[in-house]
Amino acid sequence: MTDHLEANLRALAARDPARAARVAAAAKVGTLAAAVSGEPTLVADGVLLHSRQDPRAEAARWAATQCAGAADPKATAVVFGFGLGYHVEALAARWPARVVIVEPDDGLLRAAFAARDLTALLGRVELAPAAIDRADIAGWGAAVLMRHAPSLLREGTALRGLQERAAGLTALRELRLRVLVVSPLGGGSHPIAGYCARALAELGHTVRLLDLAPFEGGMGAAAQFTPRRRAQRLVEEAYVRFLAAGVLAAVDAFDPDLVLALAQAPLDAAALAEVGRRGAVRAFWFVEDHRLFPYWRDVIGGYDYFCTIQETFLAEAAALTAGRVCYLPCAADPGIHRPLELTPAERETFGAPVAFVGAGYRNRRLSYVPLLDLGLRIWGTQWEGAGQLLSALQRDGARISTEDAVRIFNATSVNLNLHSSTWIDGVDPRGDFVNPRTFELAAAGAFQLVDRRALLPALLVPDVEVATFAAAGELRERVRYYLAHPDERAAIAAAGRGRVLAEHTYRHRMETLLATVCAHEYERLRSRPRPATAADVARLEAGTPLGRLLGQLPPATPFTLDGLARELLERKGDLSDPEAVLLFLHQFDELYVREARA
Amino acid sequence: MTHPERILIVNLTRFGDLLQTSPTIVGLKAQHPAAHVTVLVERNFADVCRGIPAIDRVWEIDLDRLGRLLLGAEGGLRQAYHEIEELVAALRAERFDLALNYSSSRMSAVLLGLIGVEPTRGWTMTADGYRLIAGRWSRLFSAACLNRRQAPFNLVDYYKRAAGVTGGPQRLLYDVAPAARAAARERLAGSGVAAETPLVAFQLGASRAVRRWPTASWVALGRELHARLGARLLLCGGGGDREVGAEVAAALGPLAIDCTGRTSIAELGALLERAHVLVTPDTGPMHMAVAVGTPVVALFFGPALPFDTGPYAADHVCLHVEVECAPCDHNVTCLEPFCRQVLAPAAVAEAVVARRANDWAALAAAADRWPALAWYRTGFDAEGLADVTLLGTRSPRRGETLRRAYRAFWKAVMDGAPERAASPALPEAGAALRGMLGLTAEAVRQARAVERLAAAGGDLKALEAAARTLEQLDARLFRFGAMHEPAGLLLQLFRFDKESIEGEDVAALARVTRELHERLAADAHRLAALLDPPTVRTGAVAREGEDHASLS
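Residue numbers (this note's numbering), protein chains in the order written: chain A, 91 to 688; chain B, 45 to 596.
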């Protein structure tokens, strides 16, 4: 057995030495057993990965089925799950093009490498990285995804997630979705609706942001009708129904594939049912603490996808819905949260040795008092009655615009970021999710001190990519330390920014959300009536000037005059004939046809 | 353009506009007898072209079909694309050596850019997709459309000048086909109209509601004309006018012959030819009557002005409702079109009776009896340009004096005609013009600085900064034009002139830009002096900067 391992590792090292080293270092998983045919088979996590009778014969049948079902034999075959490699061998023998294996479990690979001579196979197939990203999937080109079902039955491995993500991202390459983003009336999740809409548009989808901010005053004014709470609630519920009717009208006008509602968006169960009847997928991003805002229990059943920033709460949420529940942490928008070149005057206005931007929750009031003599400045609302801290409060506690907040982040040496709590005086020991400010500060290249959160280490490495503190009592010392060590501050801020740009932008989040949706709804979304894409028509027009032009556009560009015009306007230089003909038709459409169509 | 052999004229969509192209086409053919003239026209209006002399080929484009394709099921856009691609290829294969685009739309500009005829006059497109208005007469026309109170010339004269036609017929032209003439004769005979029966045609409809005269007014006019002339009334209009036709016909009983929505274009020409007078708002049939030689009493209200789209021929009558708000902005829907009520049926009846009798003294007397209207007689001035002359003894209103002064200025600028000072002087308008002289002088200095930097080469940053400053000065100038009507047309033309500068050579572009700025400065001086000659100057100077403090 040992002979196989070393030879197999050498074969893998020839292509991917880092992965070979990780496999060599991993502990074997599973239990080997001999099949009736004499070949080894493997049981891992209680799942039998290959036949106990004849693994090779089973693999040959699997490969034949896969090849028969594949429409494009020139495409890359991507196999999810390696097992002991029988099925991959059978496929590689029949498949004429590239074969890529996705198997994130190094321990499983080690077991397989030890059990069988796979050197020839490892020279023929490629092993995908343990974490697949968009670039890997793009690198596959046209791809046929093949599932090794027993491998996907194993619990606790990353394979299922990778398969879902790859299926979703592959599907997304062919789909340009129409997404209606519904904002709340106001509050902390309101700007996130805008960030999501921007990110979705950047990803090439057609987006309409339904910004409900103009209606915020109406909700606040409900109390003017009556001092009685119960009566006020009835008025507020009627107002929500009114707003939901507006959202439905927007759905009818825009005909979205996906309605993405942000936390507090005014959609009640009846409206959500109507949205579903119109064929749109309904997703909700609950960017709030479920312990603090229990309303999620009333709405979760109305959504097909419920995304939470609290991974720890997935099971509880899943129990209350037939839809899917997924973890989607907060993020930053690097177009807005970015390093700024500030003038000396701006530094004077917005800068401080230590500062905080946000609302005056009780735990912040208590924790920040010891920092007053360190040059503390406080920006934001709800600091009324904050005692001595009022001497540090800027602009009399006025609301701070996003633009000014980014200036403050940039001008401040140590930005404080204590997650709010209404029941703990300092750092919430049960605090799990990571707030948007964490990502926004990091994206701005600003240095921050954030309280430790259960979900933080998986997102930003504590004290490497973000400086942390565990208790309010140590805050003063940490601030003083970092004020005295500007180089450390700069290094941590730079590392944090790098990580956020690489993994934690709204673009990443929206891609993850859409990949999840597409992995499960691909057929449904694809079957919705939608205009042909530039890629569809480019195929029909192969070799013609129109075909050549369409081939240069993003493949999912809708083949409509508006869709094409949007892309063509982005192009520079002289117009080609096909561009000018389309421009002519677009002008004609605007002059004579648009009104008839409306 | 010395001797074009293959000429393309594009005038896609309007019946009246096509007829207004006829003197240009005939004039072109007279100047270039060997030239072959193709007119590209929307299919619905192709019949108009078949009656215009001197057209060698009518090339139809079916925009209805194109619209159906774009509205239709999947695949329609592809089909539409290929049809336009084929159209462009076919037009290119004709190897035209002169194109005249008389459709002022971005759509037609793109089409002309695609066909790529050299030279092209009118709206076309640069290689990188920007609108270009080629030819200064075309630019002046486009600028005048945005500054209509100063409209110096009749549309037909712009068309002619843009094409380089110096003489040409002083009327519109349309040959009535013998078959249509016979059909008209038969129709009128069937309605009991004898050859000697006075026949007055009413064009009831118009392209937009704001251009239509009220039904009750038509009925009152019909009754009065029958009473005074014993006239029968021929009701004309398109398919959309059948309802109003039926209403007027019902009210007039056997006096009316309702032809609304029942005639081809050729038969309409024949019927109008047979009529003794046509009463009409500013419409396509008005131009048809002019083209077949029937006297017109044209009603101008709402957005219509007799100066720019009035009958192009001598001895027609225009009744213009001179209200402060005229002409309506094309983008405005008037909630109280009182101008139509000012136009009394009794006044129109007097005009028809006098014109039928060719009695211009009676027309002048009638003009004095109805002073709320401006009564005009159409004709041509000493330079051969279409003009209207005020009838009666009333002095021209200020607007008319202003328009005449502008007309004299533009004739001097565009044709080198002798300059004529406004009489009486117009001190306010002159002051407005003088108010921009400081700014034009500053812009000239800046344009010269840009030219020096461009010629020297090297310091790109300085050149960019200087060009940016010039752009800012231009923006102030355009704003001045938007705020001060007397400067509006001059600055609009300057804007189009600047937009039409083409080329890659920075030094050459800077030189042309400087020349344009110098011309603007000189023209502004010249116009200010003409409007308010120095010897009689009385007005205050509106200084740019003071007037716009709130905008800057």
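It is possible that part of the hints are untrue.
Per label pair, the in silico range of CB-to-CB distance [claimed, not checked]:
#, chain 1, residue 1, chain 2, residue 2, range
1, A, Pro107, B, Ala551, 56 to 66 Å
2, A, Pro645, B, Glu515, 53 to 63 Å
3, B, Glu515, A, Gly391, 50 to 60 Å
4, B, Arg112, A, Leu382, 49 to 59 Å
5, B, Ala134, A, Pro619, 56 to 66 Å
6, A, Gly366, B, Phe382, 37 to 47 Å
7, A, Ala412, B, Ser251, 50 to 60 Å
8, B, Ala485, A, Pro434, 31 to 41 Å
9, A, Pro219, B, Arg112, 36 to 46 Å
10, A, Gly391, B, Ala526, 54 to 64 Å
11, A, Gly391, B, Leu379, 46 to 56 Å
In silico DSSO-like links for lysine-lysine, alpha-carbon gap of 30 Å or less [what the hints assert, rightly or not]:
#, chain 1, residue 1, chain 2, residue 2
12, B, Lys542, B, Lys455
13, B, Lys542, B, Lys505
14, B, Lys455, B, Lys73
15, A, Lys662, B, Lys455
16, B, Lys542, A, Lys662
Think of the hints as simulated: they come from the structure by calculation, not from any bench. Glycine is no exception: its CB is placed at the ideal position from the N, C-alpha and C atoms.
A quick look at each hint next to the structure:
1. Pro107(A) <-> Ala551(B): 56 to 66 Å: Taking Cβ atoms as reference, Pro107(A) and Ala551(B) lie about 60 Å apart, which means the hint holds.
2. Pro645(A) <-> Glu515(B): 53 to 63 Å: violated (39 Å)
3. Glu515(B) <-> Gly391(A): 50 to 60 Å: holds (58 Å)
4. Arg112(B) <-> Leu382(A): 49 to 59 Å: holds (58 Å)
5. Ala134(B) <-> Pro619(A): 56 to 66 Å: Taking Cβ atoms as reference, Ala134(B) and Pro619(A) lie about 35 Å apart, which means the hint is violated.
6. Gly366(A) <-> Phe382(B): 37 to 47 Å: violated (55 Å)
7. Ala412(A) <-> Ser251(B): 50 to 60 Å: holds (59 Å)
8. Ala485(B) <-> Pro434(A): 31 to 41 Å: holds (39 Å)
9. Pro219(A) <-> Arg112(B): 36 to 46 Å: With Cβ atoms ~53 Å apart, the hint is violated.
10. Gly391(A) <-> Ala526(B): 54 to 64 Å: holds (58 Å)
11. Gly391(A) <-> Leu379(B): 46 to 56 Å: holds (51 Å)
12. Lys542(B) <-> Lys455(B): holds (21 Å)
13. Lys542(B) <-> Lys505(B): Answer holds: Lys542(B) to Lys505(B) is near 22 Å, not above 30 Å.
14. Lys455(B) <-> Lys73(B): With a Cα-Cα distance of about 25 Å, the restraint between Lys455(B) and Lys73(B) holds, given a limit of 30 Å.
15. Lys662(A) <-> Lys455(B): At roughly 41 Å apart (the allowed maximum being 30 Å), Lys455(B) and Lys662(A) break the hint.
16. Lys542(B) <-> Lys662(A): It holds: about 21 Å lies between the C-alpha atoms, which stays within 30 Å.
Of the numbered hints stated above, those contradicted by the structure are hints 2, 5, 6, 9 and 15, listed in ascending order.
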